[in-house]
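Enquirer: Here is how the chains run, residue by residue.
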Amino acid sequence: MGMTITEKILAKHAGVERVTPGEIINANVDLVLANELSAAVAIKEFHRVEGAGRVFDPEKIALVADHFVPAKDPRSAEIAASMVRWAHEQNVTHIFDVGKGGIEHVVLPEEGLIAPGELIVGGDSHTCTYGALGAFATGMGSTDISAAFCLGEVWLKVPQSVKVVYHGALEPFVYAKDLMLHTIRMLGGIDGATYQAIEFTGETIDAMSITGRLTMANMAVEAGAKNGIIAPDEKTFAYVRERTTRAFEPVFSDPDAHYERVIEIDASALVPTVAMPHSPENTVPVTQCVGVKVDQVFIGSCTNGRIEDLREVAHILKGKRVAESVRVIVNPGSQRVYIQAAEEGILGALAAAGCAVNTPGCGACFGGHMGTLGAGEVCISTTNRNFVGRMGSPEASIYLASPATCAASALFGSITDPRSLTLEPATR
Amino acid sequence: MLQGHAFTYGKNVDTDVIIPGRYCNLTDPAELGKHALEDLDKNFATTVKPGDFIVAQTNFGCGSSREHAPIAIKGAGVSAVIAKSFARIFYRNSLNIGLPVFECPEAVDGISAGDEVRVDPATGTIENVSKGTHYTAHALPPFMRALVDAGGLRPYVEQRLRERAAARR
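Those protein sequence lines, which keep their order, are chains W and F. Residue numbering for the first sequence follows the working numbering, starting at 1 and increasing by one per position. Residue numbering for the second sequence follows the working numbering, starting at 1 and increasing by one per position.
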């Protein structure tokens with residue numbers, strides 16, 4: 001019996017020939033990530049560990065200030081500053097403060113800190129994003145992250161793998177986001193793949209950009225999964241080699257690997273998809289929501305804050321004006337995305353269209369700051385979660401959709417099918 | 001022995017309602033505890049008594065990896081969470097910080113809001129004192145059982161560090 005890509009990466013990092021789902025292993029990690037919120041609790045725990053003293057390897061830790069930055073209040077300023085201070089004390093190389101990084105899951109792949117075959121753990125549930133580059137990556141809490149800071153290893157239960165095979169080409173105005181929202185439902189909802197590895201395969205994935213793949217893997221946790229993963233290919237190698245000279249060993253699933261189940265999805269039949277309040281599993285074709293009035297449109301996040309996402313939005317909004325009744329907030333995902341978007345004239349075009357263009361960060365997505373919702377308000381957002389209270393008031397409602405659907409909705413102040421615009425889709 | 005009354009909730013109680021993002025710049029358990037479940041049940045934090053239980057349906061703790069969620073629940077005085085199933089990261093975080101969590105669908109079906117409950121964490125025996133019924137939670141895998149018995153993840157990490165120091169000598 002062969003092994004899946006996930007099982008092979010785990011076996012290699014545990015120093016064993018093979019692993020079996022359900023087995024508990026000790027695995028070496030290639031990178032440990034924390035943001036200022038998970039780091040605050042992890043560093044507190046690190047100081048309590050007798051014999052800890054120094055981190056296992058200061059070059060294998062990445063710390064990103066992204067949740068409450070620029071600081072929302074004195075307490076947020078203090079936790080971010082204390083993370084930066086601790087990073088310097090520990091000689092941590094990869095430290096990204098305000099203005100020098102952005103959203104962790106946009107920054108790490110961009111900076112060449114993720115490569116195929118590697119094992120990454122992070123103090124954030126969307127750490128699973130990195131599976132898009134053929135790595136094993138999973139989110140954990142702060143105590144586990146502290147342990148990884150100390151030891152450079154973590155205990156893991158080997159997950160069963162689920163294979164999703166996508167056929168066909170996506171129609172115009174249908175994107176990775178639509179496909180992933182649909183996939184969550186097909187897998188059985190927000191606990192459809194709990195404790196499992198989701199392996200995304202098939203011609204639709206082969207044809208997809210790295211940005212699209214990052215969007216897919218990002219939301220694996222929305223199906224409850226431990227990780228999402230995509231086998232690396234020439235696109236992956238090109239993306240990674242542009243960013244690092246580090247050696248890496250790509251890993252691929254064996255043809256006779258065992259899957260708990262295999263799901264086939266016809267991507268060519270998919271239409272723009274929306275997750276209705278209050279769960280990412282409440283997915284319907286956008287046509288069922290058309291006309292729902294929105295108070296805010298949010299574009300950004302670790303799901304859809306990359307340059308290609310902003311290009312889609314600019315393509316729809318450039319030279320136009322967003323509806324007077326709606327607030328449109330755009331957060332480029334990282335400083336690099338911000339600079340690129342500025343150079344391409346995207347930021348200016350969006351500002352001229354009536355969008356508030358913010359600095360990179362997670363604030364609005366998790367109800368932190370810079371775009372929280374009031375009671376009774378409705379938002380359509382490119383983010384990944386629409387639970388009660390996620391973006392602010394527990395009496396607000398959130399619809400999740402692609403950047404194009406959000407941009408189209410911004411024009412009319414109500415949920416709009418991007419296919420109804422008299423516009424060709426952007427070239428992808 | 002853990003003893004208290006039950007607060008019952010539905011399925012998919014996510015970490016955003018357990019502790020909303022706006023409070024995640026707090027780290028103090030008691031402070032976090034004051035806002036536990038605020039967006040799901042406004043009265044929870046003011047009415048929960050030390051020792052009480054949260055009893056919930058499937059997929060408790062889904063969503064964000066914030067360890068603030070089990071810390072808030074523990075900080076509010078809850079002695080354990082009993083659910084039909086748990087989301088992966090929440091489950092792991094709870095064991096790591098010493099918040100007992102029990103998977104027991106039968107007990108969840110047999111416990112109503114306000115019932116008096118008694119739990120023996122060593123055996124996983126759950127007693128509904130109000131109704132006179134008994135249940136046994138799913139046993140933890142041996143590795144996790146050892147972690148919990150040792151008092152959470154920290155003693156395990158300290159042991160690994162001592163082994164490494166000894167190997168270097």
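In case anyone wonders, no lab produced these hints; they're calculated from the structure. On a predicted model such as this, the values are computed, not experimentally measured, just so you know. Hints are supplied without guarantee of correctness; some may be wrong.
Stated by the list, open to error - Sample of chain F residues lacking proximity to chain W, with all beta carbon distances greater than 10 Å (derived):
hint: 1; residue: K34
hint: 2; residue: K49
hint: 3; residue: S85
hint: 4; residue: A87
hint: 5; residue: N93
hint: 6; residue: P121
hint: 7; residue: G124
hint: 8; residue: T125
hint: 9; residue: A150
Said to hold, decoys possible - Simulated crosslink set (DSSO-like; lysine-lysine; CA at most 27 Å straight-line):
hint: 10; chain 1: W; residue 1: K157; chain 2: W; residue 2: K44
hint: 11; chain 1: W; residue 1: K60; chain 2: W; residue 2: K12
hint: 12; chain 1: W; residue 1: K44; chain 2: W; residue 2: K12
hint: 13; chain 1: F; residue 1: K42; chain 2: W; residue 2: K72
hint: 14; chain 1: W; residue 1: K235; chain 2: W; residue 2: K163
hint: 15; chain 1: W; residue 1: K72; chain 2: W; residue 2: K44
hint: 16; chain 1: F; residue 1: K11; chain 2: F; residue 2: K42
hint: 17; chain 1: F; residue 1: K131; chain 2: W; residue 2: K157
hint: 18; chain 1: F; residue 1: K84; chain 2: W; residue 2: K72
hint: 19; chain 1: W; residue 1: K44; chain 2: F; residue 2: K34
hint: 20; chain 1: F; residue 1: K34; chain 2: F; residue 2: K131
hint: 21; chain 1: W; residue 1: K72; chain 2: W; residue 2: K100
hint: 22; chain 1: W; residue 1: K157; chain 2: F; residue 2: K84
Note that beta-carbon positions come from the ideal geometry of N, C-alpha and C, so glycine has one too.
Enquirer: Does each hint fit the structure? Answer for all of them.
Expert: Here is what the structure says about each hint:
1. F/K34, annotated as away from the interface, keeps every beta carbon of chain W farther than 10 Å; the closest lies near 15 Å.
2. At roughly 24 Å from the closest C-beta of chain W, the C-beta of F/K49 stays outside 10 Å, upholding its exclusion from the interface.
3. Not every C-beta of chain W lies more than 10 Å from that of F/S85, the closest at about 7 Å, which undercuts listing it as non-interface.
4. Separation of F/A87 from chain W is inadequate, the least Cβ-Cβ distance of about 6 Å not exceeding the 10 Å criterion.
5. Not every C-beta of chain W lies more than 10 Å from that of F/N93, the closest at about 4 Å, which undercuts listing it as non-interface.
6. With a least beta-carbon separation of about 19 Å from chain W, F/P121 lies farther than 10 Å from that chain, consistent with its non-interface assignment.
7. Remark: the non-interface label on F/G124 is consistent with the geometry, its nearest Cβ contact in chain W lying 19 Å away (cut-off 10 Å).
8. The beta carbon of F/T125 is kept farther than 10 Å from every beta carbon of chain W, the shortest such distance being approximately 25 Å.
9. With a cut of 10 Å on Cβ distances, F/A150 stays outside the contact zone with chain W, its closest approach being about 13 Å.
10. Distance hint between W/K157 and W/K44 is fulfilled; the C-alpha atoms sit about 26 Å from each other, no more than 27 Å.
11. At most 27 Å may separate the alpha-carbon atoms for a hinted pair to count; W/K60 and W/K12 meet this at roughly 18 Å.
12. Taking the CA atoms of W/K44 and W/K12, the gap is near 31 Å; set against the 27 Å cutoff, the hint is violated.
13. A C-alpha spacing of about 25 Å is found between F/K42 and W/K72, which places the hinted pair at or below 27 Å, so the restraint holds.
14. Of the supplied pair hints, the one linking W/K235 and W/K163 holds, its CA atoms being roughly 21 Å apart against a limit of 27 Å.
15. Using a Cα cut-off of 27 Å, the hinted pair W/K72 and W/K44 holds, with the two alpha carbons roughly 21 Å apart.
16. Restraint check for F/K11 and F/K42: the C-alpha separation of about 18 Å stays at or below 27 Å, so the hint holds.
17. Between the alpha carbons of F/K131 and W/K157 the distance comes to roughly 37 Å, so the proposed pair goes past 27 Å and is violated.
18. Proposed proximity of F/K84 and W/K72 is contradicted: the alpha carbons are some 38 Å apart, above 27 Å.
19. Distance hint between W/K44 and F/K34 is fulfilled; the C-alpha atoms sit about 21 Å from each other, no more than 27 Å.
20. Distance check on the hinted pair: F/K34 and F/K131 sit about 30 Å apart at the alpha-carbon level, beyond 27 Å; violated.
21. Only pairs whose Cα atoms come within 27 Å are accepted, and W/K72 paired with W/K100 is accepted, the gap being roughly 18 Å.
22. With a C-alpha separation of about 20 Å, the suggested pair W/K157 and F/K84 falls inside the 27 Å cut-off, and the hint holds.
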